[in-house]
Amino acid sequence: MLEDSRLENAVQWAARRGASYADARYVERESETVSIKDGQVEGIDRDSDRGVGVRVLYQGSWGFAASDRLTGEAVLVPLFEQAIARAEAAATVQRRRVVLAPAEPQRGEYRTPVRRDPFAVPLRERVDLLRAADAILSTPHARLRRASVASYRTRKRLLTSEGTDVRQEITECGAGLNLTASMAGAKPATRSDMRNVRQAGWEYVEEFDVLAHARTFARDVEEILRAKPAVERPTTLLIDQPFLALLVHESCGHPTESDRVLEHEVAFAGTTFMWPPDRGILRYGSPFVNMTADATVPGGMGTFGWDDDGVPATRTPLVERGIFTGYLSSRETAGALGIERSGGCARAEGWQHFPIVRMVNVSLEPGDQTYGALLAGIQDGLLLESPASYSLDDKRQNFHFSTQVARVIRNGEVGEYVRGVAFQSLTPDFWGSCDGVADDWELHGFVSCAKGEPLQLMRVGHGAAHARFRDRPIEVRA
Amino acid sequence: MLGPDALLAPLQRALAASGLAEADLWVHRRRAAITRYSHSSIHQNAVSDETSVHARAIIGSAVGATSGNSLDPAALRDLLERAAALARLQTPNLDWPGLAAAATYRAPIAFEEATAALEPALQARAIGRVCDAVAAAGFRAAGTHSVDVTEDAVANTNGVAAYAPATVAYLRALVLGDHGGSGYADDLSHRASELDPAGIASRAIEKCALDRDRLQLTPGDYEAVFEEDAVAEILRIMSITGLSGQSVRDGRSFLSDAVGTTVTGSRFTLHDDALHPGQLAIPFDPEGTAKRRVSLVEGGVARGPVYDRWSAKSAGTESTGHAADPRRYGHGGHAGNLVMAGGTATREELIGSVTRGVLITRFHYTNTPDPKRATMTGTTRDGTFLIEDGKIVRALANVRYTMSALDLFAGIDLLGPQRLVRDWWSTNGMGSIVCLAPAMKVSRATITGSSPA
Numbered sequence: 000m001l002e003d004s005r006l007e008n009a010v011q012w013a014a015r016r017g018a019s020y021a022d023a024r025y026v027e028r029e030s031e032t033v034s035i036k037d038g039q040v041e042g043i044d045r046d047s048d049r050g051v052g053v054r055v056l057y058q059g060s061w062g063f064a065a066s067d068r069l070t071g072e073a074v075l076v077p078l079f080e081q082a083i084a085r086a087e088a089a090a091t092v093q094r095r096r097v098v099l100a101p102a103e104p105q106r107g108e109y110r111t112p113v114r115r116d117p118f119a120v121p122l123r124e125r126v127d128l129l130r131a132a133d134a135i136l137s138t139p140h141a142r143l144r145r146a147s148v149a150s151y152r153t154r155k156r157l158l159t160s161e162g163t164d165v166r167q168e169i170t171e172c173g174a175g176l177n178l179t180a181s182m183a184g185a186k187p188a189t190r191s192d193m194r195n196v197r198q199a200g201w202e203y204v205e206e207f208d209v210l211a212h213a214r215t216f217a218r219d220v221e222e223i224l225r226a227k228p229a230v231e232r233p234t235t236l237l238i239d240q241p242f243l244a245l246l247v248h249e250s251c252g253h254p255t256e257s258d259r260v261l262e263h264e265v266a267f268a269g270t271t272f273m274w275p276p277d278r279g280i281l282r283y284g285s286p287f288v289n290m291t292a293d294a295t296v297p298g299g300m301g302t303f304g305w306d307d308d309g310v311p312a313t314r315t316p317l318v319e320r321g322i323f324t325g326y327l328s329s330r331e332t333a334g335a336l337g338i339e340r341s342g343g344c345a346r347a348e349g350w351q352h353f354p355i356v357r358m359v360n361v362s363l364e365p366g367d368q369t370y371g372a373l374l375a376g377i378q379d380g381l382l383l384e385s386p387a388s389y390s391l392d393d394k395r396q397n398f399h400f401s402t403q404v405a406r407v408i409r410n411g412e413v414g415e416y417v418r419g420v421a422f423q424s425l426t427p428d429f430w431g432s433c434d435g436v437a438d439d440w441e442l443h444g445f446v447s448c449a450k451g452e453p454l455q456l457m458r459v460g461h462g463a464a465h466a467r468f469r470d471r472p473i474e475v476r477a
Numbered sequence: 000m001l002g003p004d005a006l007l008a009p010l011q012r013a014l015a016a017s018g019l020a021e022a023d024l025w026v027h028r029r030r031a032a033i034t035r036y037s038h039s040s041i042h043q044n045a046v047s048d049e050t051s052v053h054a055r056a057i058i059g060s061a062v063g064a065t066s067g068n069s070l071d072p073a074a075l076r077d078l079l080e081r082a083a084a085l086a087r088l089q090t091p092n093l094d095w096p097g098l099a100a101a102a103t104y105r106a107p108i109a110f111e112e113a114t115a116a117l118e119p120a121l122q123a124r125a126i127g128r129v130c131d132a133v134a135a136a137g138f139r140a141a142g143t144h145s146v147d148v149t150e151d152a153v154a155n156t157n158g159v160a161a162y163a164p165a166t167v168a169y170l171r172a173l174v175l176g177d178h179g180g181s182g183y184a185d186d187l188s189h190r191a192s193e194l195d196p197a198g199i200a201s202r203a204i205e206k207c208a209l210d211r212d213r214l215q216l217t218p219g220d221y222e223a224v225f226e227e228d229a230v231a232e233i234l235r236i237m238s239i240t241g242l243s244g245q246s247v248r249d250g251r252s253f254l255s256d257a258v259g260t261t262v263t264g265s266r267f268t269l270h271d272d273a274l275h276p277g278q279l280a281i282p283f284d285p286e287g288t289a290k291r292r293v294s295l296v297e298g299g300v301a302r303g304p305v306y307d308r309w310s311a312k313s314a315g316t317e318s319t320g321h322a323a324d325p326r327r328y329g330h331g332g333h334a335g336n337l338v339m340a341g342g343t344a345t346r347e348e349l350i351g352s353v354t355r356g357v358l359i360t361r362f363h364y365t366n367t368p369d370p371k372r373a374t375m376t377g378t379t380r381d382g383t384f385l386i387e388d389g390k391i392v393r394a395l396a397n398v399r400y401t402m403s404a405l406d407l408f409a410g411i412d413l414l415g416p417q418r419l420v421r422d423w424w425s426t427n428g429m430g431s432i433v434c435l436a437p438a439m440k441v442s443r444a445t446i447t448g449s450s451p452a
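Protein sequence lines correspond, in order, to chains A and B. Each residue of the first sequence is one higher than the last, beginning at 0 in numbering that gives the first Met the number 0. Each residue of the second sequence is one higher than the last, beginning at 0 in numbering that gives the first Met the number 0.
Misleading hints may appear alongside valid ones.
Quick look at which bits of chain A chain B covers, simulated, 3 or more residues with Cβ under 8 Å [said to hold, decoys possible]:
| hint | stretch |
| --- | --- |
| 1 | 45 to 52 |
| 2 | 203 to 212 |
| 3 | 421 to 432 |
Everything labelled a hint here was simulated from the structure, so no lab data went into it. Small disclaimer: the values here were computed from a predicted structure and weren't measured. Backbone N, C-alpha and C define an ideal beta-carbon position, used for all residues, glycine too.
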């Protein structure tokens, strides 16, 4: 199916049948996860699936059908017939026709650069690594320990009635650690990070240094158990990259999705507070805040050759010197909003889903100060590391985050741990309080950004550097 | 649809041919037909046929697991062989509880042929009725009409042979006005004919019309009326933080060391009951264990969690048939068919009993900053109103609510009748909890912030 002519023949059939646009997307996915819980191998799981999704624009409406019952052209044409039937039904409740922004036909291949195939790493090596991490996580008060490594590979081919024919092979891998400790008289303390993933080979896991992270987690939970509650007050926050990666995701990535502007997601995921007339005007943050969507970042979980509209990967500024300037877009949403070209953000989780606007690598751009300089500028504040609970409103304007780790900063020095820290804010107010971004930019990856109906879990990437926020009220739930 | 024979026979043949002494296969097939609309126009209309096959092979208590999406004999054979190969690479798992024993199951009741065969034109027609009514009121509509048809089958080397079909029909409408207001309503059933487009439109239009000139509420404690969708959100937080055997074992649950003690108010009673005729469920879990009704909290007294085979073994008890979908959750049990005891109070009586308080329609993107207390934080949406002297007096900007579910339920004053609902997360599949939940009036709900008006 990746190589033969059946997809092309079926797409041509749909065009002859009257579709103004048609595409077929064949996808094969495989993954392998090894996990250890409390010292025992909890599971070695191998998953795979494959199937085809076909999409038509017919009478100005979309229709989509997908199946994993692949027995050749005999399945593909009936799939297109189902898609056309759904488009016909959609056209009966239509107040505006879909118009696609122009795109040049594409041909080519994209493949993740991989130095060591993660699927070829001996299982013994993977299990030994996790056992070594588990031994480090076995702190005096450890109650629940988990360590895992995962490998993913996706192969897909997209063919469109406009002449696009592109093939992609994307390889990803990563490691996760989770440690919960408890002690009489104290609430449990948890350190968890399941977001250490990259589009790369096993070399990423080696560079990531799982054992060093395990040592940090082991130290943190024991300190947190003994920590005193923080003091509720407005204070200066210095926030680390993993925490900001999620904050950027939730408070910039989602509200700049242009399908939210069109209210495609309003009944479930919500809308936005960043509307088209606000572009170039709305002050989203302080002048230190620059954010981009960039599907070309090497190693990013949102990196690819072409999106599922067949639009080449590109870079789009979203926030420039604190001013909102751009959207994440697809050919459909660009066409509807009068954006000249698609931002290349049409993505589907697998063969079984309709492509919708998704993040790619949405990042806080680095500043020009060192981490040390940011720290030195804090007389009294808190260093926050890694998010815990988080909750957002339907416009991505009102959020609440709690932290896994909070440490006191006094006179430019990081001191003791405190516990129970959370904060809530309005998005422009929060980013408006940023008075410095460090130059220690690093990339993080999420494997399961949830959006759409039915649910689609998407890989996305986020770069961030330490950043400093002044006069932030905190709440303490110790 | 394949039906029981066509679905179970290849599983049983593959298990017999594998030569494995201990192995099982779980198959979940789904045909998802979903029609989404916004600005009173359908913008997405999709159908997808998916098969998910999960194999486990156990060699001397070491477990290997694989999954695929084909029922072809060669594919099933390959899945089991690869699972066995993975098991052989492992050391024995001392926690392995063994496979489920052969059992008989109740007949599935959440399935209707007519719903399984629903045409796309009928889904579009239901949406058209919502959109026409909303347009006549001067507003615009967005939402979803979905029909899921599923078939589940489990077979294992102990002779388990379980099969159940199910249908889930869902229609929701979010009504929006140019004045910035919004209103929401939905219906959920295993029968598409029980979805009421006119009723949904009417309920959502009424709220949207009221939602104008919003006031920002000062944070503090208020009396409150939670509608059924909002109650489902609180119940979800209880489920994911505290109702599984694993969470109790780990000391993370409000039930840990509390069974038999009073944990909340006496008006709060909660069961997990997949066999309830009003629920959406099948009668067995992915391990092949028959589902049982489990008393979780009764009259405010903690009764205990649900168990899968793993957590039951560690607790020295039997599985209650609550193994979770392995694609979504780990071992430990999952309470996904919650039934909260209701009452007889009408909506007017609930609102009428409030001196000064808040009406909450539903929540958005909730989470738990304090799992041990089942504390939830989240913002309201699509219908938040100020009640004074028993009447809705004006619209409120969305508020952030943060409070322990146990403290909230301790303040129940009145309960309405149950309705079949899902929390926000479960409406698109991020969660998998279905609730029979009542609306309720509580004496105290903690509001910790407000969105802009």
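*Residue count check for the stretch 203 to 212 of chain A against chain B: does it reach three with CB-CB under 8 Å?*
violated (count 0)
_Within 8 Å of chain B (C-beta), three or more residues of the stretch 421 to 432 of chain A_ = Since 3 is at least three, the answer is holds.
*Mind taking a look at whether chain B covers the stretch 45 to 52 of chain A? Criterion is 3 or more residues with CB to CB distance under 8 Å.*
That given contact holds, which follows from 7 residues of the stretch 45 to 52 of chain A lying within Cβ reach (below 8 Å) of chain B.
In summary, the structure is inconsistent with hint 2 from the numbered list given earlier, while agreeing with all the others.
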